[in-house]
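Chains as they are written, first to last, in this note's numbering: chain A, 1 to 279; chain B, 1 to 365; chain C, 1 to 347.
Worth flagging that the hints you see were computed from the coordinates, not collected in a lab. Keep in mind that the hints are not guaranteed to be accurate.
Derived contacts from chain B toward chain A, CB cut-off under 8 Å, selection only [as the list claims (entries may be wrong)]: (1) L51; (2) A84; (3) P87.
Computed list of chain C residues with no C-beta within reach of chain A, every gap over 12 Å [stated by the list, open to error]: (4) V96; (5) P145; (6) T253.
Just so it is clear, CB atoms sit at the ideal spot from N, CA and C, and this is done for glycine as well.
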Amino acid sequence: MDTNAKRIVVWLILIGFGIWVLFTLFPLYFMIITALKPVEEINRMVPTFWPETFRPDNFRGIFADPGSLKSLIDSVIVASANTALSLFLGTLAGYALARYLTGVVGENLAFFILSNRMFPPVAILIPMFFLFDATPWGTDSYWSLIILYLVFNMPLATWLMMVFFRDTPRELEEAAYLDGYTPLRAFFKVTLPLVFPGMVSVAMLCWIFAWNEYLFANLLTGTTVKTFPVHIPSFAAGSQTLWNFVMAFSLVAMLPPVILFIALRRYMVRGLSLGVVKG
Amino acid sequence: MPRLELDAVCKGYAHPVLDRLSLTVDEGEFFVIVGPSGIGKTTLLRCVAGLERLDGGRVLIGGRDVTRVPPYRRGAAMTFESYALYPHLTVFENIASPLRARGMPAAELRATIEAKTTLLRIEHLLERKPHEISGGQKQRTALARTLVARPLVFLLDEPISHLDAKIRHELRRQFHTLDELRRVATLYVTHDYAEALSLGDRIGVLGHGRLEQIGRPRDIFERPCNLFVAQHLGQPTINTYACALERQDDRVLARLSGAPEIRLPVADAHRVRLEASGLGQATLGVRPQSVRVDGADPRHPLRATVDVYEALGAQGILLGRLGSLPITAITPPEARFEHGTPVTLDIASDELLYFAPDDGRNLVL
Amino acid sequence: MSTTSQAAFVDRHEADVSERDAARVWGTSARPLPDWFQQKRSRGGGLVGAWVPIVLVGLPLAVILAIVIYPTVWMFYHAFHDTNMMSLFSGNWQPVGFANFGYVLTSDRFQDSVSNLAFYLTFGATLQVLLGTALALIIYELVRPRWLQTLVLILLVLPMMMPPSIAGTLWKFLLQANNGAINHLLINLGLMGADQRIEWFSVDLSLVSLVIADTWQWTALPLLIVYSGRVSLPPAIYEAARVDGASTWQVLTRLTLPMLREIIAIAFILRFMDAYKFVDKVYVMTSGGPAQSSELPVYIAFQKGIREFQIGEAAAYAIIIFVFAAVLITLFLQYLKRVMRHQGVTS
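With the hints as extra help, turn the sequences into a complete structure.
Below you can see the structure in the form of structure tokens.
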């Protein structure tokens, strides 16, 4: 191919690429400007692509409803507690799988634990709904979400921690034994510091998944406990959705995962690909 | 009092890595285990250290049976082939690790480490992380970590094999001069026979799950107990030929099976032993050092052709063909040989080795 | 510490490290230990007891037993019973054999949802992986300088970090027929007449809308994975190819894509398994409508189970989904096992 034709092809590719970038960014842009518009402007027959009136007050307005702040706090509580639990169980099991259960049994066990993440939770949620319903605190409690989110977060944490533990050479631990450390002390002296970056990325990943979760929260909770995705539909006046508040609140709510991702994106890839791609 | 005793140590069942291996290392002794890679040298050290569970036998350190004692209570210190330095800790903290494990006070700890690191000339690196220092410095750090631990037994796994020649030599000298190593018992593992000969008070040659031979370096080199030992000590590797020992007149001759026209006289010193074992078939071992290469003399009985000649500076290595049999010889440095040129060989008959064809034992020992 | 005492320590350690001293440290002689030495009793035997790994793995397995296995068995049981709201609380449900399955499998609603799922998996998951791969390679090869590459990557991955329910809400807003931003954008760009409106949430298009929203959000995942995979390919191979005079196309089809094959496959499988249980946006954007035109099997199972309390029927749905998932997951894990060995993640 001569260089001219080649250049044209490259430009065509870049134009297509540019269209995709615009397609990706436009909804985000529109989300932001909607959050800054007054609701009357949004409800007009022809939408404006640049706000005629700026209403940054929307971001204060969303918190006029005390439920808004509470829903964010509820989400923080559920996501953090679930992350702590997933990470704790996952670290212990991941360590055992990486160090002690290295045979065929251990390998199949690891894959079995991972497989739990992939099943559609439909077979789980319905029975658990009735199970929690039978407990004194009902389905609508922190515990039901904290426990049920283990369904997808604990297998992920176990699997990834196993991968990270396998990355740390066993010899370092053995050197610590010979230095006079018991297995427990060697774990804290050598192994844990080495997998710490991995642990942080697993924690962040679990936290984001729990933070973003909608289905379980929607079906199980909604009154006593109300995480933010469940709270969003309440920004309405009658049948009229208050899109300015919806978007402003959504922007606030998506800030934590976005910041975490940008800060930790190099570790995230490893986690998102189940450890296969070394970021 | 023996410092380290291995008593019929077994590891593995169907194809045991260690098969009823016994060994005693006295206090102050530097014992080198040499053997080809993958033969189980590291496994042996790990068994002594307690990192591998034994499948039989006992390990005694300082007279105490430690077979069922975990590694952190055995009193053994080990350097790993990979150095196994903690990457997240500084050199100082790496070396301090065994002392911290036992709760040594900070001041005493610092003094100890400074003393040892000065000795090993890494005192200027204490605040660096392992990835910031060179291979030789890593090795010294690993060594310092074992030295400060004041163990009953030092276990050194190929400590200098992965370093380049110059540093290797320097560290080898250091092993000679480290008093700590000379006070307790040291078990040193290497695949490099030169290292073994240079460092060992005694050497054990590991093969087929047990120590084929234990002895002083010189003895093992000159009087290998079997073919395996002879083949694994010495560089280039010893030449071996199947031969038949025959009496002719009042002499005994070794006739090479691959080249029947070649008959080498058996030295008188060997003759009695060989006759006692009944002559017959044997494996003849010819060290490359025992072969002298001369110019071409057509009347000489041992005529060979040059295949490859490597001039290595201090010496030359000639790969040739004796009839159809390959032969390696070491030549003086000034010699030059072209491919295909005929040469004559002189083999010192009193340096020849004879091994039994079945089990490979040395017939003239 | 004074210089003299320090010297004394050095002196002691240099001169006095005798074998007796060492024996003292390791507790093999009767002489008293130094006071800083914290002696520990050893249990003997191996490094850790055999119970340690069993307990460590046992904890998550117990959790899985409680929150995964128990409910699944429960569902299996009720799939063969006529359980509904009433009978569940009175405790008198009757076995009905395969009646639930027969009813579900022959119902139009189920069959429509399966064809919806097939459409969604084809255009959702597959399209996302193809797009993501192309975008990743374009970013890596054509976007310069390096900081711009990182910036573009972060921008393109932003949607993925968004809670799926918010992404659904956002697209529901953008795709409104009358004053939706997308329709008016198309009008402003001259792609559509000013009086035309695309009914995105009609019977014909609601599933397409779901696919658009989902593709917008999740193309980033294969993109990110493939990009990272491309970054970690060894540059030496590419230099060799350049020396051999390979064309850009040849490098792409003979080098890059074959070497990324496994990573692309993993990205595909991850997307596929996620798409298989996809339901968030259905709830937020269409509630399966209009006229059940955008229902997926998982959605119906939830509706039947938790909204209509037709437990037996919901269980039949769940079990059918479960069985298919089990087959897919088994195949996937087999593949993952191989890839991980290949990539050196496991031994």
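Do the hints match the structure? See the list:
1. L51: holds (5 Å)
2. A84: Cβ of B/A84 sits 4 Å from chain A, so the hint holds.
3. P87: holds (7 Å)
4. V96: holds (18 Å)
5. P145: holds (15 Å)
6. T253: holds (14 Å)
In this structure, none of the earlier numbered hints is contradicted; all agree with it.
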